[in-house]
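Engineer: Chain by chain, the residues run as shown.
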Amino acid sequence: MTAISPDAPPIQVRGLSKTYKVGFWFNRTVRALQGLDLEVGPGQIYGLLGPNGAGKSTTIKILMNLVRPSGGTALLFGQPVDRAATRRLVGFLPENPAPYEYLTGREFVTLAGQLSGMSGHELDVRVKEVLGAVEMGAAEKLQIRRYSKGMVQRVALAQALVARPKMLILDEPTSGLDPVGRRQMRDLILAERDRGTTVLFCSHIIPDVEALCDRLAVLVGGRLVREGSVRELLSAQVPTVELVVEGLKMDQVKNLGVALESSQALDGRVLLQVSDTDSQRLLSQVLAAGGRVNSLQAAKFSLEQLFMDALKDSGRTTSVGGEINT
Amino acid sequence: MSAFGAMVWNGFREARRNRVTVVVGAFAAVVLLSSTLVTEVTVATFDRVLTDFGLGMMSLILVFLTIFLSSGLLSREIERRTIFLVVSKPVSRTQFLLARLAGNMLTLAVLMTAMMLIFVSQLVLFQVELNSVQFVAAAGLWFELLVLTSAGILFSSFAGPAVSAIATTGIYFAGHLANDLFEIARWMNDGAVKSLAMALYYMLPNLERMNFRPQATYALSVDASTFFSGVGYGLGWAALFTAAAIFIFERRDFR
Chain A
1 MTAISPDAPP IQVRGLSKTY KVGFWFNRTV RALQGLDLEV GPGQIYGLLG
51 PNGAGKSTTI KILMNLVRPS GGTALLFGQP VDRAATRRLV GFLPENPAPY
101 EYLTGREFVT LAGQLSGMSG HELDVRVKEV LGAVEMGAAE KLQIRRYSKG
151 MVQRVALAQA LVARPKMLIL DEPTSGLDPV GRRQMRDLIL AERDRGTTVL
201 FCSHIIPDVE ALCDRLAVLV GGRLVREGSV RELLSAQVPT VELVVEGLKM
251 DQVKNLGVAL ESSQALDGRV LLQVSDTDSQ RLLSQVLAAG GRVNSLQAAK
301 FSLEQLFMDA LKDSGRTTSV GGEINT
Chain B
1001 MSAFGAMVWN GFREARRNRV TVVVGAFAAV VLLSSTLVTE VTVATFDRVL
1051 TDFGLGMMSL ILVFLTIFLS SGLLSREIER RTIFLVVSKP VSRTQFLLAR
1101 LAGNMLTLAV LMTAMMLIFV SQLVLFQVEL NSVQFVAAAG LWFELLVLTS
1151 AGILFSSFAG PAVSAIATTG IYFAGHLAND LFEIARWMND GAVKSLAMAL
1201 YYMLPNLERM NFRPQATYAL SVDASTFFSG VGYGLGWAAL FTAAAIFIFE
1251 RRDFR
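Line order of the protein sequences matches chains A and B. Following the numbering used here from start to finish, the first sequence increments by one per residue and tops out at 326. Following the numbering used here from start to finish, the second sequence increments by one per residue and tops out at 1255.
With the rest of the complex left out, here is chain A (with noise of 0.2 Å):
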């Protein structure tokens, strides 16, 4: 067996699928990955974004081991994913993190640090040094029963740390933060990255991923549907134009006959959202047809924007769920 390549790239996913069979018969099946192919560069914090059922989770579960691929390969610095020795270069926060109640948070890092292979005096440093960095230093001899979820969060996030990984895999890091725990751990994230850690990690809160992320994945129903740096992800997108019509009504701007990307009626006014190319030819219809423009300004480009516009052109309405085959 070949060794751990600390210098292979930290995450290679190639052709992964996973179907998972569901029902009292198991008759059912949802195909929550097809065929998703990514590959995490050393020291990257790289995003995976996408609405629920998409396959984050399942990503992840798989690269930690958790679930077991239908299809493809996942490897870990070079390694297959079920090498337990692989995992030892590797710390995991998973969504909503039950760590054992009846543990005192102290107690669960120093476990946590055994399970890697660490021990004695450079283990209680380490445990004290970590619980110090998530600001859990006073509350390390509770019984983790009678912490807050923002306290167990931050207690997860010290077991994730206490081996000193070469990466960090997230899920959903800053779900139950408060916004100064948010903060703190987005600036955990970032001193880890600084240190030279790989950092993986799914997030639903667009300006976290926005704050952090070095490359982005974007999935939908289980597929890769962007994939880049967050700059040119969003460099990608195409300019468009918001302008506020008064004076018309929404089925008059309608019938305008120029392409919208978007209209909302707002309390007597219409927004609309047009490409830059056409907005022209928008502004000049709208006055021609009696109407008013309050307002005209270039839209920003965001994530949400590109986060909207890929779950539309994979035909999605709804962003719910895997695929379901009966």
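No lab work stands behind these hints, which were simulated from the structure alone. Treat the hints with care, as some may be off.
Here are the in silico distance ranges between beta carbons for each label pair [said to hold, decoys possible]: (1) Ile1248(B) to Glu39(A): 44 to 50 Å; (2) Thr1169(B) to Asp37(A): 54 to 60 Å; (3) Lys1194(B) to Thr73(A): 50 to 56 Å; (4) Asp7(A) to Ala1199(B): 42 to 48 Å; (5) Arg88(A) to Ala1239(B): 55 to 61 Å.
If you want the footprint, here are the derived chain A segments under chain B, 3+ residues with CB under 8 Å [claimed, not checked]: (6) 43-51; (7) 79-87; (8) 92-101; (9) 266-274.
All values derive from a computational prediction rather than experimental measurement. Glycine included, C-beta positions come from ideal geometry on N, C-alpha and C.
Put chain B on the given structure of chain A with help from the hints.
Structural biologist: Chain B in isolation, oriented as in the chain A frame:
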């Protein structure tokens, strides 16, 4: 401490901090201490009653605790998703399962030792003669608990705690009635039913082979070959159940 040792110790710590274990342990102490009251009903067989009642109560209470603890050993970890934070560490699922089994058996061994201390203290207090068979019976009970724990873990690897508890309880009763099943099968005339009864006998662990409590009660000797064949038989069944549990556990998804 090694990763395996840490998991075993954690299993023991979990049981120790579980209210049910504490309550059952306290209840066992009270029951064993109150067994002196039972001796009031007898004059001539005082020593037998004390031994029979003491070992019987130990067996009953420990079997109850074994079923309670083992039937949720894996399924509760999966349901509560605590398993995510352990299996994602550099330990294999097989190591995790074996450590949970070992942690459970350590808990039962500690409780059994405490109960034996109370039991032996009573025998000494009432000047009942101590004999090795009483200890042999306790050792046999521990191997019986090992079989039940591994059965509980097997059921727990694919079913919820309630189903696992019912199935393990079924194994306990069927295991103690296995000899009767064999006798019934021998006297049957219908070939198909006889074959079915015999098949059932061989498909279920015969827990009576590890039950040396009657010999302890009547101060009958248990020869080494009987004891070790019973222990070997128990270990064989425990290994079979554990191997099946590992086979399932290694392949299942934790969603």
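Engineer: Against this structure, judge whether each hint is valid.
Structural biologist: Against the structure, the hints come out as follows:
As the Cβ distance of Ile1248(B) to Glu39(A) is approximately 33 Å, the hint placing it in 44 to 50 Å is violated. In this structure, Thr1169(B) and Asp37(A) break the distance hint of 54 to 60 Å, their C-beta atoms being roughly 50 Å apart. Distance hint for Lys1194(B) and Thr73(A): a CB-CB separation of about 53 Å, consistent with the stated range 50 to 56 Å. In this structure the hint that Asp7(A) and Ala1199(B) lie 42 to 48 Å apart at CB is violated, the actual value being about 58 Å.
For Arg88(A) and Ala1239(B), the Cβ-Cβ distance of about 30 Å falls outside the hinted range of 55 to 61 Å, so the restraint is violated. Only when three residues or more bring their CB closer than 8 Å to a CB of chain B does the claim for the region 43-51 of chain A stand; here the count is 0, and the claim is violated. With 4 residues having a Cβ less than 8 Å from any Cβ of chain B, the region 79-87 of chain A passes the three-residue criterion, so the hint holds. Coverage of the region 92-101 of chain A by chain B holds [criterion: at least 3 residues with CB-CB distance below 8 Å; count 7].
Beta-carbon proximity to chain B at under 8 Å applies to 0 residues in the region 266-274 of chain A; the threshold of 3 is not reached and the given coverage is violated.
In this structure, the hints that do not hold are numbers 1, 2, 4, 5, 6 and 9, in rising order.
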